[in-house]
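Start from chain W and add chain Z according to the hints.
The listed protein sequences correspond, in order, to chains W and Z. Each residue of the first sequence is one higher than the one before, starting from 1 at the first, in the UniProt record's numbering. Each residue of the second sequence is one higher than the one before, starting from 1 at the first, in the UniProt record's numbering.
It should be emphasised that the hints constitute simulated quantities derived from the structure, not laboratory data. Just so you know, these numbers come straight off a predicted model, no measurement behind them. Treat the hints loosely; a few may be bogus.
[Said to hold, decoys possible] When the alpha-carbon atoms are kept at most 30 Å apart in a straight line, the in silico DSS-like pairs for lysine-lysine are as follows:
(1) W:K784 with Z:K776
(2) Z:K758 with Z:K783
(3) W:K784 with Z:K340
(4) W:K737 with Z:K506
(5) Z:K340 with Z:K350
Each chain, written out:
There are 2 protein chains.
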Amino acid sequence: MYDNLAEEKPKDKFTISINDDITHTSLEVKEEIQTEPEDIIKCKFWGFGSDGTVGANKSAIKIIGDETEMYAQAYFAYDSKKSGGVTISHLRFGNKPIRSTYLITKPDFISCSKQSYVYNYDLLEGIKDGGKFLLNTLWTEEELKQNLPLQMKKTLVEKKVEFYTINATGIAEEIGLGSRTNMIMQSAFFKLAEVLPIEEAVAKLKESIKKTYGKKGDKIVQMNYAAVDAGIEKLQKIELDASWLEGEDTLAEKDLPEYVKTILNPLNAQKGDETPVSAFVGVEEGIMPTGTARYEKRAVAVNVPHWHIENCIQCNQCSFVCPHAVIRPFLLNKEEVESKPEAFETLEAKGRGLEDLQYRIQVSVLDCTGCGNCADTCPAKEKALTMEPLEAELSQAGNWEYAMKVEPKEDVMEDNTVKGSQFKQPLLEFHGACAGCGETPYATLVTQLFGDRMLIANASGCSSIWGGSYPSAGYCANKHGHGPAWASSLFEDNAEYGYGMALAVKKLRNTIKFHMEQYMEANGKEEIFTEWIENMKDPKVTRELESKIVELTKDSDDENLKEIYKLKDYIVKQSIWSFGGDGWAYDIGYGGLDHTMASGEDFNILVFDTEVYSNTGGQSSKSTPRAAVAKFAAGGKRVRKKDLGAMLMTYGYVYVAQVAMGSNMNQLMKALKEAESYDGPSIVICYAPCINHGLLNGMGKSIAQEKRAVEAGYWHLYRYNPQLIVEGKNPFTLDSKEPTASFQEFLDSEVRYTSLKKTFPEVAEQLYQMAEEDSKFRYAKYKKLAEN
Amino acid sequence: MYDNLAEEKPKDKFTISINDDITHTSLEVKEEIQTEPEDIIKCKFWGFGSDGTVGANKSAIKIIGDETEMYAQAYFAYDSKKSGGVTISHLRFGNKPIRSTYLITKPDFISCSKQSYVYNYDLLEGIKDGGKFLLNTLWTEEELKQNLPLQMKKTLVEKKVEFYTINATGIAEEIGLGSRTNMIMQSAFFKLAEVLPIEEAVAKLKESIKKTYGKKGDKIVQMNYAAVDAGIEKLQKIELDASWLEGEDTLAEKDLPEYVKTILNPLNAQKGDETPVSAFVGVEEGIMPTGTARYEKRAVAVNVPHWHIENCIQCNQCSFVCPHAVIRPFLLNKEEVESKPEAFETLEAKGRGLEDLQYRIQVSVLDCTGCGNCADTCPAKEKALTMEPLEAELSQAGNWEYAMKVEPKEDVMEDNTVKGSQFKQPLLEFHGACAGCGETPYATLVTQLFGDRMLIANASGCSSIWGGSYPSAGYCANKHGHGPAWASSLFEDNAEYGYGMALAVKKLRNTIKFHMEQYMEANGKEEIFTEWIENMKDPKVTRELESKIVELTKDSDDENLKEIYKLKDYIVKQSIWSFGGDGWAYDIGYGGLDHTMASGEDFNILVFDTEVYSNTGGQSSKSTPRAAVAKFAAGGKRVRKKDLGAMLMTYGYVYVAQVAMGSNMNQLMKALKEAESYDGPSIVICYAPCINHGLLNGMGKSIAQEKRAVEAGYWHLYRYNPQLIVEGKNPFTLDSKEPTASFQEFLDSEVRYTSLKKTFPEVAEQLYQMAEEDSKFRYAKYKKLAEN
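Next up, chain W with everything else stripped away, as it sits in the complex:
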């Protein structure tokens, strides 16, 4: 973006650099810092997810770089959370060229646009004596005195910091800007940082608003003008004195696992650079304990679901579709009902096997991202879920803590129905995926069905980020300590990686069998071993035999039994999966995917098909349909979507299914069960709406959008089960009906399609028609397969 500027001004005047990727310092840098010119103004901004802070900072630096004689520089640092992650902007301004190749350590000015960050981050770290701090907060002065952590108050007092607050959230709502506080915070920054005379700054800001929003109409422009004015007018200076340092600290440390204390929390607080190497002893090589995301309690949602107990029909669909596993049904027995807090209201549980139990839907409001798919999906006549402000629901945090103490009732109902599956503990939860993510509900469900005996190889992509971004893990274990073992190798070798796991596990389990046979040859028949050998591919039976075999082998001196005991983790039938997106499955990893599926080995693949490279920002893949706009396909994709499933069906011995949770939950259940139990290669291709699609109804309707896709004939549901060939039946079942909704209206509901009309109107209509033809081409093919 600064290339253009360079042409307008003498080149040596521009040392503006924008770098998105500097996240650490080094010894060399520390030396350099000491030589940084004294008169540089250094400003640090703490922003929240997509609240617009980074955009506002980029705009600010552009105004200063463009319109003044000053030099400017900016670095932006992000964490890997896709919902509500922290962003930190480091801006420098000065009269000499700026050549600081490192982040700001001694800021003159600090801004924070999210109130709760006072607890999460050391916001004022390194602030200069007499520096300025701007906080967006709803708190009054008195509340500030009560709520701010002691350490922060100490810094404010000791460093004589000029402390300003503004209720940007309140102002934005009042003006009509919703949650967009960035313009208010930006003008407050200009007021406080004094880089430009404030009148000039305001003029420039308004000019830039006109340029950016002019096309959207005068109303938008005027609202933003009002934001600029309010950012200056509504600033409030807070005077601190020694009395602030009295009272208890609000940040008392809880009793936490060692990893959480020494690694997770410091790293999440942006203190990774200061964490000593010794802290990582025992978790070298990127090893992470599972189940640590639950310690983050990020409270990033604006609105969270409120359960209306009187309307609930106990279908469990809210839990089924939740991308973050934050809403779950709980079943309480008599004792639990007796000891529950009053606020933990319950219903009589409905359904066979649930007699004598009480039922409750409980939300973990501090882990919720507020997408709203649960409420949108709720099929009750009167919605049993509505989205309410987080603040109003904070008391549910205590209820969640109680719910976590309730004994899981996993065996009361079979897990082969939508409802039944949700009484099984999700072994993936609270990760950093986008609010409304279309991928994670599939992954969560898979962990509910098979997670306690599961190995996952994960391709690069969104699923490797929400699946295992250091330092927190959403994958977790049940009360027996059983949960998915997860690892990520490379983008290009993930099918092979999972296949290798499958071969290794097969070999190890055959070794168990070998030693059982050897043992019995020497010592006569052993019932337990015979039963295991006969059922070694049966997850249920092998799980039942597990403890018996461990018991039998653990203290033995017999060489064969000793070997079996060593391999006790492999007694249970494992469920081995490669997870990845379409960029992996259709493109970069396809050669390997094909190779491993062709092998005939018992091994499963789950594809999160977002029809685009999601994690890297929306590049076109071979899964991208014709007419969709994506990076590398700015003029709309010109060839049709690859039919990955059809290609793999040509083998005849690969289980293939296409699913869309929002369209048919039962079909998804069937597909997953069949795929996993098939003693051969399986692949399930899951339609997954993504922020890159630009759903006009928002990501709170991502599950509903899946339904629309199928109704419009845009996506098709089918299962190809080679097992049926053995039974003399047609292996192919077409599970979706003849389209009932308009294909073109579906395209019209997503920006990836509608944007083509604006950028390439001359071809848009034709490409839309061709896209519809493509879908018909597919459907016709599937119908033909379904015949006879």
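Same frame as chain W, but now just chain Z:
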């Protein structure tokens, strides 16, 4: 193989090492040579292709290593020719450990099992004073005196070499061993080298024969015993004196291109290590001039085709199927008939457009590998071709030289028929592919049809070896200097490599168009440009316009015309291909192949489907059918062959064909023509029998085997032409009929299948049945596609 020995004898006694891959020396090595113990006996053996020399040498060294107290060592060097290549064995024996990590430079003993090598190689290089030389030859002493090159005779005389000959070829034939001279040469070696007392050596040799051939019956054993005895008895010592040095040298240097003189010939003579770097100026980076294989004249065939003019029906099928383009039809006009040598007999040419021309089939006997497919394919009632000993046909070499002077008559007949295609010059010839290779006839044909405007990207594999092994190139140009431009990048990126060529050429041709349009905008309409723009994808029209455009642009000062002239090589519509085997197309390069086919670009792929990794020795690929024995599938492949064509047909816009030349030549012609002219991605999958298949009828029946494969329903012919969709027709045409021959009998005709009966008899029958089911599964699928 020596691992076993190590257990029987004290370890430090064994320094035997066998290394197949040492082909060069270095300065360090030269130093080491000086420190090599004096008493090591060094023996060098020149062998020919698969004449058994290397095997005999391995057996000899095993006998000495096993049965004596001596230390032994062997290195084997091969060239890259797959038919009739040279092999050089370097054997050392001594009483101290041998640690020579380099080839022999000063041999005590040299053996040569092919007479003609006296002309091709500096056989006696470095021989010690008083060393011994053993030559397998048909020549009498007088003929030797006449025929040996002067340089060789000088060395023999000056170094006082003990010179022995033996007519091993004659003896082997007499005994009944056919062309297997190795046992005779081996016993002669033992007699002369005196490593063991000869009685002991004979005893050991016979023992080893019993072990090796015992199972094959006493007759074979006795024949080999006779060979051992003859090798000793029939040795003849030749006495040389100064009179041998009189007379002319038989090796007078011909008038040859610089590259052939300075690089090709020295490298082929195994003098690569001595060729100076300066010789490569102008051909750096592995650049090779094309059309250099024709200078090799390797004369490797035992039998070559003899043309019986009276039986010939002028169908040109012999030429069509020839793997090495050594048999071709020629058409002579009146003048040429008048000036032709008498021996160059001709017939009146038959067919429309051939009036007034004379016809002749001419064989280049010195380039022929003697496979015999031409004669086998000849459909004349009385065969117009029979295989006769090379010696009897040597006079045809002169006729070939004359044929090369005959003006090609490429325009007299359309090239869309089998017959017509063969009047076009093959632009691939005389390469090192195996005799009877199933791949090269396809490649040759493609060059006849499109070679004069062709770019080829070649995957690693056999086709990269016969296609472009340094220093000789079989690809060549026609009289206009037009021929395929060929390059090989990596195994894994060959589709992308060709695709990149396609994109680059497209861009360059659009640049021509741009400059034409710019020119016409400034200067008014230019008929030639308008015509070119309208027909820029038409090979014929663009070729016709080429010289006119060059003429118009070459001396112009106009900027646009100058730019067009710079791009004159791209005026003609190019034909861009990726060539490779199934290891590439089905496995290692499949991800890229799929990606480039999915692109929709105009680009062609030719797959030589040998159903196995041929070049590396027969590893299983995803193309290998069930039940076939291959490396990594020693117990027979257990899953069915991948249906590459069906997978690519799922796109709907990829041209896909499966062909088998020997089954249906016309279908192949159609497929190639359609594929190349289709303005989109195309792939043609060619069934190619290979030495790895172990055809029981031999590789002289490789073309006939293709026919059997189709008749048995083992291989299917089809074309999927997306062009037909546009015309509202079914794009799929099934070109092969319901099988008429037994599938099981087909399997029985190839060792890759029959060997399973011996190694895994318990599963063989079942796998054969499943393989037949697999073929039916495929055929049923194709039939379904062909419906409606």
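Straight-line alpha-carbon gap Z:K758 to Z:K783, limit 30 Å | Distance of about 36 Å is beyond 30 Å: violated.
When you check the alpha-carbon spacing of W:K784 and Z:K340, does it fall within 30 Å?
-> Given pair W:K784, Z:K340 is violated - Cα atoms ~64 Å apart, limit 30 Å.
Within a Cα-Cα threshold of 30 Å, do Z:K340 and Z:K350 meet the stated pairing?
-> Distance ~20 Å between Z:K340 and Z:K350 Cα, so the pair holds.
Holds or violated: W:K784 to Z:K776, with C-alpha atoms at most 30 Å apart = Roughly 19 Å between the alpha carbons, so the hint for W:K784 and Z:K776 holds.
Is W:K737 within 30 Å of Z:K506, Cα to Cα?
-> violated, 43 Å
The earlier numbered hints that this structure contradicts are 2, 3, 4.
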